[in-house]
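Protein sequence lines correspond, in order, to chains P and L. First residue of the first sequence: 1, per the numbering used here; consecutive thereafter. First residue of the second sequence: 1, per the numbering used here; consecutive thereafter.
Hints in this document: simulated from the structure, not taken from any laboratory. Treat the hints loosely; a few may be bogus.
[As the list claims (entries may be wrong)] Partial selection, computed: residues in chain P whose CB lies under 10 Å from chain L: (1) R13; (2) G16; (3) H31; (4) E41; (5) G42; (6) S58; (7) F65; (8) R108; (9) L112.
Beta carbons are placed, not taken as given, at the ideal position from N, Cα and C, and that holds for glycine.
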Amino acid sequence: NAGVMQNPRHLVRRRGQEARLRCSPMKGHSHVYWYRQLPEEGLKFMVYLQKENIIDESGMPKERFSAEFPKEGPSILRIQQVVRGDSAAYFCASSPHGDTQYFGPGTRLTVL
Amino acid sequence: KQEVTQIPAALSVPEGENLVLNCSFTDSAIYNLQWFRQDPGKGLTSLLLIQSSQREQTSGRLNASLDKSSGRSTLYIAASQPGDSATYLCAVRAPGRETSGSRLTFGEGTQLTVNP
Chain P
1 NAGVMQNPRH LVRRRGQEAR LRCSPMKGHS HVYWYRQLPE EGLKFMVYLQ
51 KENIIDESGM PKERFSAEFP KEGPSILRIQ QVVRGDSAAY FCASSPHGDT
101 QYFGPGTRLT VL
Chain L
1 KQEVTQIPAA LSVPEGENLV LNCSFTDSAI YNLQWFRQDP GKGLTSLLLI
51 QSSQREQTSG RLNASLDKSS GRSTLYIAAS QPGDSATYLC AVRAPGRETS
101 GSRLTFGEGT QLTVNP
C-alpha cells in the first residue's frame, strides 16, 4: 500500500501565476487534510475534505485559495495569483475514517 | 482556541544522553495527542499516538506520556543517537468527528541535534 503521494515535490511560480498542488491519498482513504508550514513556523491546518465535500475550511485564506477532492482522482489545492507570502511547504494527510492521519512528503512552493 | 507550545525550541546533546521534550496545550478537551518527527526538507513521520484515555505509549527507545488534566505531554528519548537529529512536533486532535473534530493543532517543534 503506497503512502500518501504529493506532486510536484517542488514548484516555482512567479507572482500572479496559479499554483496547483496534488495529493493522492492512501488506498481506501476518503478523508484528506491540507496543512501549510510557513518558513520558521509550525504546521497550520487549512482544510479538511471528504470525497466531493468540504468538511472544514476554517483554516483556508478567504481569497485566492480553494480545494477540492473529486469522486475520481487526487485532491487539488489551488492558489490563484500567488504572492511571495504563499511560499511555504504544503502538506497533505489522509485517513480512512477521519482518525489517524498519514502525511505525504509535501510540496515546497517558491514564489519569485 | 487550542494552542500548543513546545519547549525547548532547540536542544543539542551528546550522543548517549537521555532527553525529554515537552509539549503543553491550552484546552484539555482533546481526542488524542501525536508526536511526529520531521527531517529537513522532508515530510512527517508519526512516532507515537496517545489516546485521551491513555497515560503513555512506548516504541523502542521512545516513550510518550500524557497528562490531559494539566495539558502536558513529554517525549522521552533514551540513549540518543546522531540519527535522532530532527525536528520533533507535537500535535493534538480535538474531540468529535464532525467539522473541526479531525484537525490537528501543531506546536512549533523542538529542533534536536545529537552530537557524535
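Against the structure, the hints:
1. R13: With Cβ-Cβ at 19 Å, over 10 Å, it is violated.
2. G16: Result: violated, 27 Å to nearest chain L Cβ.
3. H31: 7 Å, holds
4. E41: 7 Å, holds
5. G42: 4 Å, holds
6. S58: 6 Å, holds
7. F65: 16 Å, violated
8. R108: For R108(P), the interface hint holds, since the closest Cβ of chain L sits about 8 Å away, which is under 10 Å.
9. L112: 19 Å, violated
The structure does not agree with the numbered hints 1, 2, 7 and 9 stated previously, though it agrees with the rest.
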